[in-house]
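Student: These protein sequence lines are chains A and B, in that order. Counted from 1, the first sequence has number 182 at position 79 by the working numbering; the numbering is strictly sequential. Counted from 1, the second sequence has number 205 at position 192 by the working numbering; the numbering is strictly sequential.
If you're looking for bench data, these hints aren't it; they were derived computationally from the structure. Because the structure is a prediction, the values reported are computed rather than measured. Just to be clear, a hint being listed does not mean it is correct.
[Stated by the list, open to error] To be clear about the criterion: a stretch of chain A counts as covered by chain B if any three or more of its residues have a C-beta under 8 Å from a C-beta of chain B, and this derived list gives those stretches:
hint	segment
1	151 to 160
2	262 to 275
[As the list claims (entries may be wrong)] Simulated restraints, written as ranges between beta carbons of each label pair:
hint	chain 1	residue 1	chain 2	residue 2	range
3	A	Asp172	B	Gly20	46 to 54 Å
4	A	Arg274	B	Ile17	29 to 37 Å
5	B	Ala238	A	Pro195	42 to 50 Å
6	B	Ala197	A	Ala223	43 to 51 Å
7	A	Gly211	B	Thr283	24 to 32 Å
8	B	Ser279	A	Ala223	52 to 60 Å
9	B	Val155	A	Leu215	45 to 53 Å
Glycine residues also receive a C-beta, built at the ideal position from the N, C-alpha and C atoms.
Chain residues, written in single-letter form:
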Amino acid sequence: MTGEVVLRTNGLVKRFGSITAVNGLDLEVRRGEVVGLLGPNGAGKSTTIGMVLGLIAPTAGSAEVLGRDVRVRREEALAGVGAMLEVTSFYPYLSGRDNLTGVALLRGGGALARVDPLLARLGLAQRGGSKFRTYSLGMRQRLGIASTLLSDPALVILDEPANGLDPAGQREIRELIRELAGENRGVLLASHLLHEVEQVCDRVLVIKKGKLIASGTIAEITRGGGSYFEIVVGDQTRAAQILRGLGVKEIRETPTGLDVVADPARGAELNRALASAGLYASAIVPRASSLEDVFMELTEPESPSASPAS
Amino acid sequence: MPWIMLGLIVLTAFLLYFLIWASVNAQLQAVKNGTIPAPAGGTAQLEQTLRMIAPDRVAQFGVGLVSGLGSVMLIVFAASHVGTEFGWGTFRTLLAHGASRTGFLVAKAASLLLYAFVFIVVGTLAAIGASYAVSAVAGISVGSGVDVAEVTRAAVKAGYIFLPYMALALAIAVWSKSAGAGIAAGLVVYFAEGIVATLLVSLNKDYAEIVNWGLSRSVSAVTRAGSSAAVPDPTASTLPDPTRAAIVLAVYCVIFLVLAYWRLRSRDVTVGG
Numbered sequence: 104m105t106g107e108v109v110l111r112t113n114g115l116v117k118r119f120g121s122i123t124a125v126n127g128l129d130l131e132v133r134r135g136e137v138v139g140l141l142g143p144n145g146a147g148k149s150t151t152i153g154m155v156l157g158l159i160a161p162t163a164g165s166a167e168v169l170g171r172d173v174r175v176r177r178e179e180a181l182a183g184v185g186a187m188l189e190v191t192s193f194y195p196y197l198s199g200r201d202n203l204t205g206v207a208l209l210r211g212g213g214a215l216a217r218v219d220p221l222l223a224r225l226g227l228a229q230r231g232g233s234k235f236r237t238y239s240l241g242m243r244q245r246l247g248i249a250s251t252l253l254s255d256p257a258l259v260i261l262d263e264p265a266n267g268l269d270p271a272g273q274r275e276i277r278e279l280i281r282e283l284a285g286e287n288r289g290v291l292l293a294s295h296l297l298h299e300v301e302q303v304c305d306r307v308l309v310i311k312k313g314k315l316i317a318s319g320t321i322a323e324i325t326r327g328g329g330s331y332f333e334i335v336v337g338d339q340t341r342a343a344q345i346l347r348g349l350g351v352k353e354i355r356e357t358p359t360g361l362d363v364v365a366d367p368a369r370g371a372e373l374n375r376a377l378a379s380a381g382l383y384a385s386a387i388v389p390r391a392s393s394l395e396d397v398f399m400e401l402t403e404p405e406s407p408s409a410s411p412a413s
Numbered sequence: 014m015p016w017i018m019l020g021l022i023v024l025t026a027f028l029l030y031f032l033i034w035a036s037v038n039a040q041l042q043a044v045k046n047g048t049i050p051a052p053a054g055g056t057a058q059l060e061q062t063l064r065m066i067a068p069d070r071v072a073q074f075g076v077g078l079v080s081g082l083g084s085v086m087l088i089v090f091a092a093s094h095v096g097t098e099f100g101w102g103t104f105r106t107l108l109a110h111g112a113s114r115t116g117f118l119v120a121k122a123a124s125l126l127l128y129a130f131v132f133i134v135v136g137t138l139a140a141i142g143a144s145y146a147v148s149a150v151a152g153i154s155v156g157s158g159v160d161v162a163e164v165t166r167a168a169v170k171a172g173y174i175f176l177p178y179m180a181l182a183l184a185i186a187v188w189s190k191s192a193g194a195g196i197a198a199g200l201v202v203y204f205a206e207g208i209v210a211t212l213l214v215s216l217n218k219d220y221a222e223i224v225n226w227g228l229s230r231s232v233s234a235v236t237r238a239g240s241s242a243a244v245p246d247p248t249a250s251t252l253p254d255p256t257r258a259a260i261v262l263a264v265y266c267v268i269f270l271v272l273a274y275w276r277l278r279s280r281d282v283t284v285g286g
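One chain only, chain B, in its complex shape (with noise of 0.2 Å):
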């Protein structure tokens, strides 16, 4: 499963970027051509679409898919790295051959901690070939390329908010015994609170008070600090404050895994796990 994710990563990275190059382009040439009547703004709408392939929007584009599509990898990635130590029966094993439980736990959250380090690098590294590749291809300027300085902290940020996912992921494979109830409950969490928390700050903008204390706003408020956001957010000026927001990211850590080791620490070990 972790090659098959990092294939996966680099391999949607690259189809993604030629895709909205393909579709794009296509619109843009039919605009021109007479086939399909122009955007009430002109194409400069299309074009300026065309512009998030440039290697010098990778900080926003590539990096926030990476960011997308590796939370949801990671979630399932975490859940099963530790739930089919209970399929399999692979945790009572250890145990009986003198494996202590903290040092299980530990050496879990420590080879996810150094996966999702391997994946978001793997994952930037992809989005960049992906933009000088489809930039080449599509004859597009990469002007002044790549801000490095601008990528990495980019890619330390969107490292940073898969670790409250994962763990929580981690924490409810360990309760459940199961890595399909850490895949589902992490979903669930990483799209319905998101969903929730915007809804609930659309109606009134006094319920940021609340859900700011939540994952997926603390998420927000991590990513666009200090960078031109992708995708707008009619909520943004709500926003926790960046700081508070990964403060708040640590601790869900730290509740989750503690969770997860109180829970193994007590735990009779019967079948399985």
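So here's chain A without its partners, still in its complex pose (with noise of 0.2 Å):
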């Protein structure tokens, strides 16, 4: 991780009223790399996305774009900055040619040039003429993806950017996002959508209330991509007993049996026991652990293991 850091947050907090929707967050992104955002509804992401470009006055703390503090030199700091934000908003009545022009005069620079290589790299060139208000949301999506490159950003800033996307506009919307990594620009991705992070994010930021929990690269957030054993089971207490005794440590009940985490080798094993004590298991079958597990385990409201950042 040697590229210049783009964007640094150092303690930033935001609390509306006695809520506190960001609470001390440090993150970085660096050149070239891809950052995913992951947190629940209400997780403070989108307050988080605008203390950095400066619609959120941040209750302490501060956010720096190439260096500069967003608070103080806001406009110098943004002009490094391409940002969608979560709802895709323009003048209805303009084309989406009018609409991207006039975020270009508002850039100033080469933007203007940029107008339509972006409209035809985002697949809107046939239809850059027609009115944003007919756009579909896939459509508009688009546009908002253009916006932020019209001032060739250091830094690009997507909040949701595959929301109603097909499935193949999905696709190259990763395609997309890898290339703009490869253009030496840092990329901050908030999504909900996990496997969508799991295929881009160079390293993912979880937050829960305000609070970074868990940071890494996929690899470390899923622990090496480790692996469990679902086994499905009738009598959930005895056979995690059973398996506690062989030394099993992370067992979860789940509604059809057990979750264990255990070496992929030792499903033999487990079988055996299993079938000693008199429980036979209906299936035992090995899974990796997905974003999406981790994700739900350091997310869920009761769950012990919500630590503090890694």
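If you follow the hints, you should be able to join the two separate chains into one complex; please do so.
Tutor: Structure follows, in structure tokens:
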């Protein structure tokens, strides 16, 4: 991880009255990497993005883009940022091209020359002249993404960019995000689509109630691609006792049996122990932890495993 | 909306000039034919009304018409011009793309000022056009024609009195993040304050000391300064000094814009605006 830091937040805090939406958040995004920002609804993702863009004033802490404090030098800092917010909003009575032109005029520099190439890159060349209000949700998202690239930004912030896109469109966006990182830009991606995050992100930050509860590469977050067994068995309590007797520490009850974290080579041993005790499993399936599993585990309300940032 | 409003003021100017002529002319004909009895003072008042159509009365009648309709239309326009940015979420988009809040407000205020100027110019030209067209149809003598200097003075005053109401509508739209609230508040103040002020002064002239610091009485004072009014006002003698009234209106503009600026600067922009 050697690229220049394009985004850094230092102890970012935001309180709305008695509610703490973001609580001491430290994060970094470097050039050439895609960082996923994950969290359940209300975790503070959009508030964090709002503070990075100077839309929301932090209660404490700071956000820096390319070393410039957003609160102190907002316009300079945002010159290096392209951001697409969760709800893509443009003037409904203007065409997609005119909306982009408006943003390009605001951006200055060579942004005007990028309007048509970006429409083409995002697959909107044919509909560039149509009014924004006639666009489908997917087209609106594409236009939003196009607008982020007008200023040739060092940092691209995408909040739920695949909303409303069909599978082919989602795939295109994933490829585009990787291309952006390949162009030496830093990308901060907030998404609910965990498989999307899993496929495109170099690092993931998981926040819950405004606090960073986990961070690292996908492999680190999923415990090195850690594996477990899904065991379908009747008497879960007795089965768990027997497996604990074998030294298995992580056991979780499921509606159909148990999820048991153990070396994949121990499948036969577990089966034999259960069968010896008269508990016949109807299935013992080796599984690999996915980001979704870890995310659910980390963010479920009463999860005891929600530990401080790693 | 801007083009529609310009079209509406042109259309309305022609329509009202025509309707006044058609209505008054029909009454005059009916009186002549004996279909209806003549009014107590003869037909002089009807003929006087008909004279309002003449080009030499555009400064009083035509510009007054544009001013009255324009105030309402520009309140609607000012509130919509700002409020829709919050409703559509485009204010948030602009900020996310690096626009400054100060720049946003300055651009909005400047474009409203420009639009008010264009509106009063187009409206006044429409009134002049309607006056000549209907006078020709009605066979009314154009006499000395339009007094350009007088019409210009009246138009400048009309444009000036739009501004505080537009600034008020803008401020309310910024505070409420809603075009509807800006329109409603602007129209309520425009109509209700004038009625309340007139009623209070009619009850007791001493109340003028208070209500003369309001918008409507200051607007009346500016409008009537140096010109004969199209509509008589029994409380006109208690109106404030026109210069003071003009200053009061300017101060209101500044206050409304400062309030809008302060709110816009300090607000967290979440969903929409």
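Student: Could you run down the list of hints and mark each one as holding or not?
Tutor: Going through the hints against the structure:
Coverage of a stretch by a chain is defined here by at least three residues with a beta carbon nearer than 8 Å to that chain's beta carbons; for the segment 151 to 160 of chain A and chain B the count is 6, and the condition holds. With a threshold of 8 Å between beta carbons, the proposed coverage of the segment 262 to 275 of chain A by chain B is violated, since 0 of its residues qualify and at least three are required. Under the hint 46 to 54 Å, the C-beta atoms of Asp172(A) and Gly20(B), about 49 Å apart, fit the expected range. The supplied range of 29 to 37 Å is broken by Arg274(A) and Ile17(B), whose beta-carbon atoms lie about 44 Å from each other.
With their beta carbons about 43 Å apart, Ala238(B) and Pro195(A) fall inside the hinted range of 42 to 50 Å. The hinted window of 43 to 51 Å between Ala197(B) and Ala223(A) holds, with their beta carbons roughly 45 Å apart. Checked against the given bound of 24 to 32 Å, the beta carbons of Gly211(A) and Thr283(B), roughly 27 Å apart, stay inside it. Ser279(B) and Ala223(A) have their C-beta atoms about 41 Å apart, which leaves the hinted 52 to 60 Å range violated.
For the pair Val155(B) and Leu215(A), the supplied restraint of 45 to 53 Å holds, since their beta-carbon distance comes to about 51 Å.
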